[in-house]
Structure formats: structure tokens, C-alpha cells
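Peer 1: Sequence lines, in order, name chains A and B. Its first residue numbered 1, the first sequence is counted upward by one per residue in the working numbering. Its first residue numbered 1, the second sequence is counted upward by one per residue in the working numbering.
Hints are computed from structural coordinates only; laboratory data are not their basis. You may find that some hints are simply not true.
Said to hold, decoys possible - Only some residues are given here: those of chain A computed to face chain B with a beta carbon under 8 Å: (1) V43; (2) F45; (3) E96; (4) P109.
What the hints assert, rightly or not - Computed cross-link-like contacts, BS3-like style, restricted to lysine-lysine with a CA-CA straight-line distance of at most 27 Å: (5) K57/B / K83/A; (6) K57/A / K37/B; (7) K57/B / K78/A.
Remember, predicted model here, so these are calculated numbers, not experimental data. Where is the CB? At the ideal position from N, CA and C, for every residue including glycine.
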Amino acid sequence: EPEVTQTPSHQVTQMGQEVILRCVPISNHLYFYWYRQILGQKVEFLVSFYNNEISEKSEIFDDQFSVERPDGSNFTLKIRSTKLEDSAMYFCASSEVGRSPYNEQFFGPGTRLTVL
Amino acid sequence: EDKVVQSPLSLVVHEGDTVTLNCSYEVTNFRSLLWYKQEKKAPTFLFMLTSSGIEKKSGRLSSILDKKELFSILNITATQTGDSAVYLCAVDSGGGADGLTFGKGTHLIIQP
């Protein structure tokens, strides 16, 4: 069964460093998303991406974040200068359809980011 | 601001019991409500509900939506230890390519 994959599974970085989290969405999906879940808190939407541009972003997704689809398969989230409070599990998701009543999003296994 | 509230936040039952998990929501432009099961990492999709009163069923799990009262329930019958997980409710209120709003989840523990 097709699935969303993410790498790495765990990333440890120093405060102020840049990190890139990688995702390979399901191949025929057109809409891609990043969410984060701080330990013990709820899953929060960061950004959605369609047709090579950001479709929507939350207030969490500030200027230190960026997303890119560098080739036909990868979808990346870059955090330019990490802060301690960026430590969280980051989930990538994809869906086949977007602007319709149906939005079944499939999630990847997540990348646990630890900022020291 | 869109809001999704789940209850209870945690629940401990014995194997074989039936459980009902609740999700209420307040959103500006409801499209669908989704249930996910989160074990160790990724939320895995269970159900998507768009219409009131139509029960969705998958094995021992079932769910129904009430768009008038703005809530959904997830039922699990004859629970097994493998049902232990966090069950997440999420609402799609933006239409398609927009993010889901999640509740905090219900942490369900099934004791043998």
C-alpha cells in the first residue's frame, strides 16, 4: 500500500542551525502538508502546498520556515535558524484532492526534531 | 478561531468493553470531520464523515456525525489491547488544500 515516507526519523541540532526535513508524499497525490506536534500537545497545522506554491499557512509558519518541492518526488520543510521551542515531531501529509469537500490526508511517520 | 474538543482526554477500560469517544467542534466553514488513530508515531486514517446521521463502519469501529449539534462519536466494540492508542478528531474547515484542525486526542488504554 502506498505511504508517505519521511527522513530522518530523528534529527538533533544546535540552536541557531538550519535543518531540512524531507518527505516523499504518495505518488499520485497533489496536495502536501506539514504539521507539528510538540510533546504532549495537539497536532498543529503549519502549511499546505499545491502546484508548487504555498496554499495556506498558519501563524506558526513564520519567516524562519520555508517549504519546497525540489524535484518530482520530495517535499521539504526548512527551518532556517532553529530555536529550542521548535523541538517537536514534524509530520508530513498528502492528499489526492484538495479544494473539494473531500480531504483525506495521509500522514507520514514523522521526524522528531530535538533542538539543544 | 476554529475549535475541536475531544472527551474524555484519557480512558482506561478492560478488554472486551465497548467505548465511545466524543468530538465536538466549532468551525466557520465545515467540510468534513476525520478520525485518526495515533499509536507510536503517525496518525493513521480511520474515517471521514461529511453527512449527518450516516454511520461509517470498519470492523469493530464505527463513527457518526451530527452536523446540527456539531459533534461526532467514535465507537469501538469488543475492545482489544491493540486498540490502545490516542484517537484524534480533526475537522477540515477550509476546503481541500487547507490544514486540518485537530483536537487534543483521547488516550485510550485497554487493559487485558
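Peer 1: Now tell me, hint by hint, if it's right for this structure.
Peer 2: Hint by hint, here is what the structure shows:
no.	hint	verdict
1	V43	holds, 4 Å
2	F45	holds, 3 Å
3	E96	violated, 11 Å
4	P109	holds, 5 Å
5	K57/B / K83/A	violated, 43 Å
6	K57/A / K37/B	holds, 25 Å
7	K57/B / K78/A	violated, 39 Å
The structure fails to meet hints 3, 5 and 7 from the earlier list, while all remaining hints are met.
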